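Undergrad: Make the full structure from the sequences, and use the hints.
Each residue of the sequence shown is one higher than the one before, starting from 1133 at the first, in the numbering used here.
Any given hint might turn out to be false.
[What the hints assert, rightly or not] Keeping only pairs whose Cα atoms sit at most 30 Å apart, straight-line, the calculated DSSO-like set for lysine-lysine is:
1. LYS1343 - LYS1353
2. LYS1243 - LYS1221
3. LYS1221 - LYS1244
4. LYS1268 - LYS1223
5. LYS1343 - LYS1402
6. LYS1330 - LYS1372
7. LYS1353 - LYS1402
8. LYS1244 - LYS1262
9. LYS1243 - LYS1223
10. LYS1330 - LYS1402
11. LYS1343 - LYS1372
12. LYS1354 - LYS1330
13. LYS1223 - LYS1260
14. LYS1268 - LYS1244
15. LYS1268 - LYS1330
16. LYS1353 - LYS1330
17. LYS1243 - LYS1260
18. LYS1372 - LYS1402
19. LYS1221 - LYS1262
20. LYS1145 - LYS1372
21. LYS1343 - LYS1354
22. LYS1204 - LYS1342
23. LYS1260 - LYS1204
24. LYS1342 - LYS1372
25. LYS1342 - LYS1353
26. LYS1244 - LYS1260
[To be verified] Distance windows between CB atoms, simulated:
27. VAL1143 - ARG1424: 37 to 43 Å
28. SER1239 - LYS1354: 23 to 29 Å
29. GLY1217 - SER1238: 21 to 27 Å
30. GLU1214 - GLY1236: 23 to 29 Å
No wet-lab data here; the hints were simulated from the structure. Computed from a prediction, not measured in an experiment: that's the story for all the values here. Note that CB positions come from ideal geometry on N, CA and C, so glycine has one too.
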Amino acid sequence: MTSALSVRGIVKKFGNHTAVDDISFEVPRGVVYGILGPNGAGKSTTLRMINDIIAPDAGTITILDQHAPGPKAAAQIGYLPEERGLYPKMKVIDMVTFMGELRGLSSSEAKKRAGAWLDRLGLAQWTKNKVQDLSKGMQQKVQFATALIHEPALVILDEPWSGLDPINAEVLREVVEEIRASGRTVMFSTHQMEQAEKVCDQVCIIARGKKILDGNLLDIKKAAAGDGLVALLFTDPASKDRAEVALGDRALVAESRPPRAGDVADYEVKMAEGIAPQRLLAALVAAEVGLRRFEVVVPTLHQIFVERVGGDAAIVAERRPE
1133 MTSALSVRGI
1143 VKKFGNHTAV
1153 DDISFEVPRG
1163 VVYGILGPNG
1173 AGKSTTLRMI
1183 NDIIAPDAGT
1193 ITILDQHAPG
1203 PKAAAQIGYL
1213 PEERGLYPKM
1223 KVIDMVTFMG
1233 ELRGLSSSEA
1243 KKRAGAWLDR
1253 LGLAQWTKNK
1263 VQDLSKGMQQ
1273 KVQFATALIH
1283 EPALVILDEP
1293 WSGLDPINAE
1303 VLREVVEEIR
1313 ASGRTVMFST
1323 HQMEQAEKVC
1333 DQVCIIARGK
1343 KILDGNLLDI
1353 KKAAAGDGLV
1363 ALLFTDPASK
1373 DRAEVALGDR
1383 ALVAESRPPR
1393 AGDVADYEVK
1403 MAEGIAPQRL
1413 LAALVAAEVG
1423 LRRFEVVVPT
1433 LHQIFVERVG
1443 GDAAIVAERR
1453 PE
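TA: Encoded structure:
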């Protein structure tokens, strides 16, 4: 599979602060790829280097198998920056049309596509309003249209869900899926892992400027599910009492604890090293324990992040005095 983006060993320092520290990853074509992590992790700095806004101090970036960051690559990229850049006095339709013309479209084609995108994003009735008349979320959708109007091969979105309500967040996810279905590539950064989990094929999680893990999201979750966590919900108090013997057997169960917040379960248990969950199920059945739920827990992306890096890694690296 050819690559939409190849990043090798990039480093970026600001004074004595290392914002991006030897990060490498590969983005195949035709996928949705998420650069994930807390605020201050180095996500936006990484995207700015890909877009040639700033240059890396070390490492290489190759775009669409052939381009270094620069004008040739920029023609193939649609970029939504974290800091929004719209002209507040321009009419909405003129704003999107203008950005299409800057991307090489004719005036008529740019206006045609601008109208189509504004209609797709639910802004058709606002086309003649000035940008400043729109809410923050609506302006976000206008800028989203400016990033997509020239049908780029690689779409890069920096914190795209910022300022969007749940309905408009769903519209954005639908558009991202349409872009992927067309065979093009979407790459975005976010600290909202619940949003990323809904759309990503592959992810790269970073914290304090360093890569924590990357790969296929499904494979990452399957590996995390292999840690042996099982959620249990009993049919009645008597069954819960009968389960105590099996749950207290440390050759079978390493730990029994309350369920995670919001989970419908009586316990979450961690299996002993090398013990398959089926062994616990067999012990519970033998003890005539009534079960409403016996489920191997697949952690959320947020839970995987917290468990892999710990709470301290979600804190922005401190800038030391010069």
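Undergrad: Tell me if the beta carbons of VAL1143 and ARG1424 are separated by a distance inside 37 to 43 Å.
TA: With a Cβ separation near 52 Å, VAL1143 and ARG1424 fall outside 37 to 43 Å, so the hint is violated.
Undergrad: Measure nothing beyond the straight line between the CA atoms of LYS1223 and LYS1260; if it is 30 Å or shorter, mark the hint as holding.
TA: Within the cut-off at roughly 5 Å; holds.
Undergrad: Take the C-alpha atoms of LYS1343 and LYS1402, compute the straight-line distance between them, and say whether it is at most 30 Å.
TA: holds, 28 Å
Undergrad: Would you check the hint for LYS1354 and LYS1330, treating anything up to 30 Å between C-alpha atoms as holding?
TA: holds, 16 Å
Undergrad: Within a Cα-Cα threshold of 30 Å, do LYS1268 and LYS1223 meet the stated pairing?
TA: holds, 15 Å
Undergrad: Can the restraint linking LYS1353 and LYS1402 be considered satisfied, given a maximum Cα separation of 30 Å?
TA: holds, 16 Å
Undergrad: Do the alpha carbons of LYS1268 and LYS1330 lie within 30 Å of each other, as the hint requires?
TA: Distance of about 23 Å is within 30 Å: holds.
Undergrad: When you check the alpha-carbon spacing of LYS1343 and LYS1354, does it fall within 30 Å?
TA: holds, 20 Å
Undergrad: Does the alpha-carbon distance linking LYS1342 and LYS1353 stay inside the 30 Å limit?
TA: holds, 21 Å
Undergrad: For the pair supplied as a hint, LYS1221 and LYS1244, is the alpha-carbon distance within the 30 Å limit?
TA: holds, 21 Å
Undergrad: Need the status of pair LYS1260, LYS1204: alpha-carbon distance at most 30 Å?
TA: violated, 33 Å
Undergrad: Sort out whether LYS1372 lies within 30 Å of LYS1145, counting only the CA atoms.
TA: violated, 56 Å
Checked against the numbered hints given earlier, this structure breaks hints 6, 11, 20, 23, 24, 27, 28; the rest are met.
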